Every structure is written in C-alpha cells, then in structure tokens.
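Chemist: Read in order, the letters of the sequence shown correspond to residues 0 to 229 in numbering that gives the first Met the number 0.
You may find that some hints are simply not true.
Said to hold, decoys possible - Quick list of simulated restraints, FRET-style, between CB atoms: (1) Thr146 with Ile17: 16 to 22 Å; (2) Gly207 with Asp173: 28 to 34 Å; (3) Thr146 with Gly120: 20 to 26 Å; (4) His61 with Gly120: 27 to 33 Å; (5) Ser51 with Val223: 54 to 60 Å.
Calculated directly from the structure, the hints in this document are not laboratory data. Note that the structure is predicted; figures quoted are calculated from it, not measured. We put the CB at the ideal spot given by N, CA and C, even for glycine.
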Amino acid sequence: MRRRFAALTTAHLTDACIRAGVPVRCAPSALQAVIPGSRIAGRVLPARHVGSVDIFLEAFEHAEPGDVLVVDNGGRTDESCVGDLVALEARTAGVGGIVIWGLHRDTADIRAIGLPVFSTGSVPTGPQRLDERPKDVLESAVVGEWTVGSADLVLGDDDGVIFVPSSGAAEVLDLAEAIRDTERGQAERIRSGTSLRAQVRFDTYLAGRRENPALTFREHLRAVGGAIEE
Numbered sequence: 000m001r002r003r004f005a006a007l008t009t010a011h012l013t014d015a016c017i018r019a020g021v022p023v024r025c026a027p028s029a030l031q032a033v034i035p036g037s038r039i040a041g042r043v044l045p046a047r048h049v050g051s052v053d054i055f056l057e058a059f060e061h062a063e064p065g066d067v068l069v070v071d072n073g074g075r076t077d078e079s080c081v082g083d084l085v086a087l088e089a090r091t092a093g094v095g096g097i098v099i100w101g102l103h104r105d106t107a108d109i110r111a112i113g114l115p116v117f118s119t120g121s122v123p124t125g126p127q128r129l130d131e132r133p134k135d136v137l138e139s140a141v142v143g144e145w146t147v148g149s150a151d152l153v154l155g156d157d158d159g160v161i162f163v164p165s166s167g168a169a170e171v172l173d174l175a176e177a178i179r180d181t182e183r184g185q186a187e188r189i190r191s192g193t194s195l196r197a198q199v200r201f202d203t204y205l206a207g208r209r210e211n212p213a214l215t216f217r218e219h220l221r222a223v224g225g226a227i228e229e
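All chains should be modelled from the sequences, with the hints used to inform the complete structure.
Modeler: Here it is, written out as structure tokens:
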C-alpha cells in the first residue's frame with residue numbers, strides 16, 4: 000500500500016473513493032503537514048488525548064511498524080498535545096507518522112526529527128488539565144466529523160489527509176492508479192497541442208445537454224473515459 004501510494008496523491012484517492020462508492024473521509028483542510036512535502040500512509044493507531052503523554056506511550060506499546068498515530072484532541076486551539084519527545088519516541092517505536100486533530104509544539108525540533116507530522120497548527124503551551132481517562136481511549140479517534148480506528152488506513156500529502164477503510168483499500172488503489180494514468184495521458188496531450196476540450200469531446204457534451212438538460216458532465220466523462228472529476 001505504501002509503495003503504491005508513493006506514486007499517487009490524495010486527490011487520486013478521493014476520486015477513486017467516489018467511483019468505488021466509498022465515503023470520502025477527508026480531514027478538515029486546516030490539518031496540514033508540519034514539514035511541506037511530507038507523506039504518510041499506514042494503519043490508524045488511534046489515541047484520544049486527555050492531558051498526558053502516557054496515552055501515546057501506551058499506544059506505541061501496541062504499534063506495528065508503519066502505523067500512523069492519529070491523535071484526537073478535539074480540535075482544541077488552546078493547547079498543544081504533541082511535541083518533540085513524542086515525535087522522537089514515535090519514530091523510535093517504528094511509527095510512520097502522526098496526525099493530530101489539534102495543535103503541536105516544538106516545531107523546529109519536529110522538523111529536525113523528520114517524522115511526518117500533520118496538525119492544525121502550533122501553540123507554545125502544552126495541556127494544563129488532566130481529564131478522566133475513558134476505557135476506550137485507544138480504540139478510536141475523532142478527526143473532524145470522522146471516527147476512525149485500526150480498521151482504517153490514513154494517507155496524507157500536501158493536499159491533506161484522507162481515511163480509507165482497510166477492507167476497501169485494494170479497490171480504491173486500483174481505481175486511483177487508473178485515474179492517475181488517464182490524467183497523466185490527458186496532461187501530455189494538452190502539452191502536445193490537443194486541448195482538454197477536444198480530448199473529452201466537450202462539443203458532444205454541449206450538444207447532448209441541449210437534447211437532455213439533465214445530462215451531467217460527470218456522466219459524459221464516464222461515457223468517454225475522462226477522469227477530470229468524479
């Protein structure tokens with residue numbers, strides 16, 4: 000999966016999810032890489048932050064190589080929940096990256112460590128509270144409107160983060176690769192002088208829409224093999 004995603008983007012995956020009938024579960028757009036150009040791909044290792052790093056250390060006890068720690072801090076903007084020591088320990092534990100629904104700190108040190116970290120931003124202060132620990136604190140994490148767990152994969156790049164169920168990942172990857180190849184071919188033909196409108200027979204679409212105003216461009220694209228959008 001990681002090898003295949005290395006030649007794909009999250010945009011390819013979201014289009015593939017739509018084509019496969021899989022819900023598109025994108026993290027909110029505020030969640031971005033601390034180091035531009037970072038990429039993550041791995042099984043979700045969930046942890047719900049309650050004010051102490053011991054939650055993360057316990058999660059690492061159960062981590063498989065390449066898992067991605069997904070931290071649920073409720074999208075809070077008043078505290079950070081991951082710093083350089085957690086990032087360093089994650090790397091030592093074989094974790095492939097960290098996704099935080101919340102803030103981080105120690106930005107310069109995290110960049111020096113090099114582990115891919117995605118968060119909604121940074122703030123100097125750490126947590127100043129310690130909440131009661133729920134029994135299921137390591138079973139699931141909420142990111143935006145999505146609840147994810149170990150049955151999910153998390154993938155991220157410069158466009159953001161997406162969650163895909165492990166059970167449907169093979170089909171989504173197959174479709175994403177087909178979409179990528181189609182779009183690459185279209186791009187090459189544009190560079191060679193054949194407009195995108197000509198490639199997708201846009202004049203045919205306009206004519207068809209005059210006859211059938213309900214005809215959508217997506218329906219037309221599927222009929223002619225285009226992959227601009229899903």
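Chemist: Now tell me, hint by hint, if it's right for this structure.
Modeler: Hints, verified against the model:
no., hint, in the structure
1, Thr146 with Ile17: 16 to 22 Å, "holds (21 Å)"
2, Gly207 with Asp173: 28 to 34 Å, "holds (29 Å)"
3, Thr146 with Gly120: 20 to 26 Å, "holds (22 Å)"
4, His61 with Gly120: 27 to 33 Å, "holds (28 Å)"
5, Ser51 with Val223: 54 to 60 Å, "holds (56 Å)"
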